[in-house]
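Here is what each chain is made of, one letter per residue.
4 protein chains.
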Amino acid sequence: MLYFSCDYAEGCHPKVLEALSNTNMVSTPGYGEDEFCKAAKDKIRKYINCPQADIYFLVGGTQTNQVVIDSMLSNYDGVIAAETGHVAAHEAGAIEYSGHKVLTLPHHEGKIHADELSDYLNTFYADENHEHMVNPGMVYISYPTEYGTLYTKTELETISEICGKYSIPLFIDGARLAYGLAAAKDMTMADIAKYSDVFYIGGTKVGALFGEAVVFTKGNTPKHMITQIKQHGALLAKGRLLGVQFDALFTNDLYMEMGRNAVELANAIRADLHAKNYQLFMENPTNQIFVVMENKKLETLKNEVSYGFWEKYDDDHTVIRIATSWATTEAAVNELKKVLLHTN
Amino acid sequence: MLYFSCDYAEGCHPKVLEALSNTNMVSTPGYGEDEFCKAAKDKIRKYINCPQADIYFLVGGTQTNQVVIDSMLSNYDGVIAAETGHVAAHEAGAIEYSGHKVLTLPHHEGKIHADELSDYLNTFYADENHEHMVNPGMVYISYPTEYGTLYTKTELETISEICGKYSIPLFIDGARLAYGLAAAKDMTMADIAKYSDVFYIGGTKVGALFGEAVVFTKGNTPKHMITQIKQHGALLAKGRLLGVQFDALFTNDLYMEMGRNAVELANAIRADLHAKNYQLFMENPTNQIFVVMENKKLETLKNEVSYGFWEKYDDDHTVIRIATSWATTEAAVNELKKVLLHTN
Amino acid sequence: MLYFSCDYAEGCHPKVLEALSNTNMVSTPGYGEDEFCKAAKDKIRKYINCPQADIYFLVGGTQTNQVVIDSMLSNYDGVIAAETGHVAAHEAGAIEYSGHKVLTLPHHEGKIHADELSDYLNTFYADENHEHMVNPGMVYISYPTEYGTLYTKTELETISEICGKYSIPLFIDGARLAYGLAAAKDMTMADIAKYSDVFYIGGTKVGALFGEAVVFTKGNTPKHMITQIKQHGALLAKGRLLGVQFDALFTNDLYMEMGRNAVELANAIRADLHAKNYQLFMENPTNQIFVVMENKKLETLKNEVSYGFWEKYDDDHTVIRIATSWATTEAAVNELKKVLLHTN
Amino acid sequence: MLYFSCDYAEGCHPKVLEALSNTNMVSTPGYGEDEFCKAAKDKIRKYINCPQADIYFLVGGTQTNQVVIDSMLSNYDGVIAAETGHVAAHEAGAIEYSGHKVLTLPHHEGKIHADELSDYLNTFYADENHEHMVNPGMVYISYPTEYGTLYTKTELETISEICGKYSIPLFIDGARLAYGLAAAKDMTMADIAKYSDVFYIGGTKVGALFGEAVVFTKGNTPKHMITQIKQHGALLAKGRLLGVQFDALFTNDLYMEMGRNAVELANAIRADLHAKNYQLFMENPTNQIFVVMENKKLETLKNEVSYGFWEKYDDDHTVIRIATSWATTEAAVNELKKVLLHTN
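Those protein sequence lines, which keep their order, are chains A, B, C and D.
Count along the first sequence from 1, then add 55; that gives the number in my numbering.
Count along the second sequence from 1, then add 55; that gives the number in my numbering.
Count along the third sequence from 1, then add 55; that gives the number in my numbering.
Count along the fourth sequence from 1, then add 55; that gives the number in my numbering.
Each statement offered as a hint is correct.
Copies of the same chain look alike in the list, so a pair counts if it works inside one copy or between any two.
Pairs of lysine-lysine, DSS-like flavour, derived with a Cα cap of 27 Å:
| id | residue 1 | residue 2 |
| --- | --- | --- |
| 1 | 93 | 357 |
| 2 | 220 | 278 |
| 3 | 393 | 367 |
| 4 | 392 | 351 |
| 5 | 392 | 357 |
| 6 | 220 | 367 |
| 7 | 393 | 357 |
| 8 | 367 | 352 |
| 9 | 220 | 273 |
| 10 | 331 | 351 |
| 11 | 331 | 357 |
Note that these hints are calculated values from the structure, not bench results.
As the structure is a computational prediction, the values presented were derived from the model and not from experiment.
So here's chain A without its partners, still in its complex pose (with noise of 0.2 Å):
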């Protein structure tokens, strides 16, 4: 079996297992305040070269949006997001759960537009009942998106100057960051830090067994951090487990390295698709691949390669994904074209 069904199939990087067997029997104070983790900051914040940021370290992607969320929102505000965030897809009602609504506006292979934003805020403060309606608190989008898609940099800095203009913090998800830097042509881990007012780099997803580390870029960390992180059922006993992990995939160039490995594997089949005249749902240029599959013909791929469910296309065709990842070899790719020849 084939596995490209999910960039979260395998355990983690080999240089991240060594870290964590090297560092086992070492003692520390638990839930962050180790010598790991502090290590693991000073690499982030001088890769991003934001000196002040501030950081803190999360096991899941659910969870850190959540915790990001509800700590930077009032009881009053919601978040905007795409109708096909991942806050407002997928994550089972976690934000509101914590109590803030997701705002939706339409999305654009994924991505919100700028003057829809722009037109969204305006229309609220226009409203003479606005006050009677939730306060746009916070503005989330991801890098790459829900469809693997990427803001240019002109996007992102329009994005950014509205939210400045309203006061209202963005917040970039970067659960697939390596992977969305990999294929961008002019984004840089710093653009991202410095566009945003908070954001994170997405462990889970790229080498690490979990972890994600939040960014607070602006000098802007919620009150008591650690309780409301706390709070959330969120804080790891032991902390130290994400600073070594973090430190490891900011040794010579290993985050970014691996997300060049995604994405060069899924350039190589997303040329073989074409090549072989599948019909791709959506183009985009990172890691994760969305095909319209005849369903008859899935019956047959699926004994052979483990690929994502995404949604119904129609009666007779499914979107399906296929995703690279870091743990992706050219010999499963080469492998998985030779299935795609006779699945078509």
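Keeping the supplied structure of chain A fixed, place chains B, C and D upon it in accordance with the hints.
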């Protein structure tokens, strides 16, 4: 100044005030455990032809929606509503505050379409990732809708059947129920009770000082309902005030008589608007009229008539709401007609 | 049947009813943006000698406690209260429902002791693990307390100073404020305003149909307060009903006059109980009297007097509450005295 | 520096690390739907002699308590716990954050007394106002308790019977279950399963990198449990990491072997402390030792031993915690004994 801005601009119908005055110095137990509440509930049960109905009196609409939805849903549930539904748009996030997502469907003049509801539910259960999504745990509609439109009996029956098929309760918000039923050709309050699992009879907008009567129609009252109401800060100490008012509303057909007054006068205004070539934003048969007005004409109008801001139409036009109510008089309507003569 | 079970058994003071009747058909904007509310607020500001006071009218006590506490606290905050405080014991978890822990201190006849409050705060901040604990974010007391007792001016001043030292707001629940102030030797409502950061003036139990006036005394109103009230389901559509009532309460000293009536008659009953050797559960100077009664005597008493169940005393005795109010008459007290003659 | 501050200062037992390493590059489905989780659950079911057990793996203790309590309780329910219980005191309000009050009972060396529990429940239901109070919906205890003490089998059986009588589930927090069972004379994990309705087997503090296994023992799993876990931000993407670890913990009796190591070494330290006349704050048989120390002696001790701050004893003394664990060695204990010689 002529008041047509809303249907809650005055106190209460004189007969309701008389009932409150007559009973004012009677001593009763608190929290709705009094004889007035008992009598009012009996009258309602009889009126809606639903002997098993379990009835609770609450103070206002948003409170009622919040308490009903939160008490009937489990943690993992959300409520399906039209994107224009009151719970989706104009309750300041009261539903999300209680932990539940409002799952929106497109609106068609304020109504949801049965086939789109059916599609939504089919697609949800067909999605292999649906355990990562908010469970659709209730359908919320209002009668009349936010735009004053009405579901036909067939439409209501079909939605009710879909809910039954998926074992999801149907909740009908009747904040303006009298105005809906007075305008409907073939719908009674007994029908509303029959097709819904829970609904409420609005008093605040129909002649009471305040008050909404929640009716659980199918022996389906949530457990410890009094505790849940109290927990939401919604248990009125002098609950008897609600009983006294609803008793008056359901004596000598007062509730529907007030409904008819508002609808007849709204129809008179509508006829006049049509005759004078005003542009209606949306046609509907109930007590609210939505008119598209030039902004510069509003500058004049607002000195003579208190109307409701509804929404921006374009840069030069605004949608305003003209609402009649139980308190509207023919004299006031005639005055309004005169004003409308020179403002268009 | 003589009614002494509570202070909310009747409707409202005739002067309040008269005000409601006189204004009944006046058309006003909704949600408290009317002239009646404005006038009532002006009167209160003057009465409490606090020109900067920001005032909001809500419907009931639990609702008010929930809205005030939740709007003033951050996620990580809890509220300190006596273990017998209303928010701790008798509000069905309304505070926890809004996400906040009630941090309890021992009670001394219903009151907290300043030194125990001080110890609590000192110990909290000295605990190296306090970031893993709920942050004390407010102190809640009531005047009078749950047992009808009163803080002296010195006690109140000391508690206020401790709150100031720790930058924690002091919230005074005045559900029965008139009964407390009428019984106090040296306390005015202006003192309550001075020592508190926020307090409320109870109307429900003192002659209004319903209504509590929340007063933010230090320019410290939470942001978007109207949105927060709406979000809790606590924004009354016909807000003017609250303005009309509080205007009446603060006209010609009616509020305090009603307070004095209740306290004088309670004192008369207390004197009679002492004279007849009844056992009082707790001495207090306000409108509630707690009497320890043999259960078998209650069997007789309950046929003639409606009293409140307070708590079990032992297997053979029960603590009952006898409450006077604005509505209690001297005639009723004389009748009660007769009954008390033969039930002990 | 000798580390005795807690039982989560190191990574994981070498055999757990070996299992993680061996399976690292295996591709599996996410979210716990893998073969490793399945195998681990089978082993646990067999070990606890409970074939119907339904098992979920979560990451940490506070998270587990929050998810279990919130998913089993209804809105109107609170959870009964000792005032010193972890959920009451040291979880930053995580239970209240999810809307539920922690109803506290006095503690007796960390334990609740069955008769006080029974009294609490009797009194609650006898209170005529109990619908205005938080409903007792669950009993939470921990084994061992916050002070390392243990319930006897009789005590546990009695509490279980009381819960059964009131149809309230009994939840046993087993964050340190191995250390409790290793110290108990007559208790097995099968007994824990038998007497509880839900319990968890702690991994974080007993040799896993992280992880707690929640066991629903009576066919009483809350509906849509995966959705509820996700909604709390508690669903681990690489769920297999938990399966792999628990499989290792339940292979060749590793879990209990680690428990015995910690208890034996704790006993050795306790014997030494007694011999050297140290004052123990509380006697208990498990892996945590609470010692009352002069503050000035701590100034010396802290340079050689990392211990845990527990609480202030008086102005001159502090209670410290010395904890052994699966990772503690006899050599370290001997070093500690030397240090203890000169610090008293």
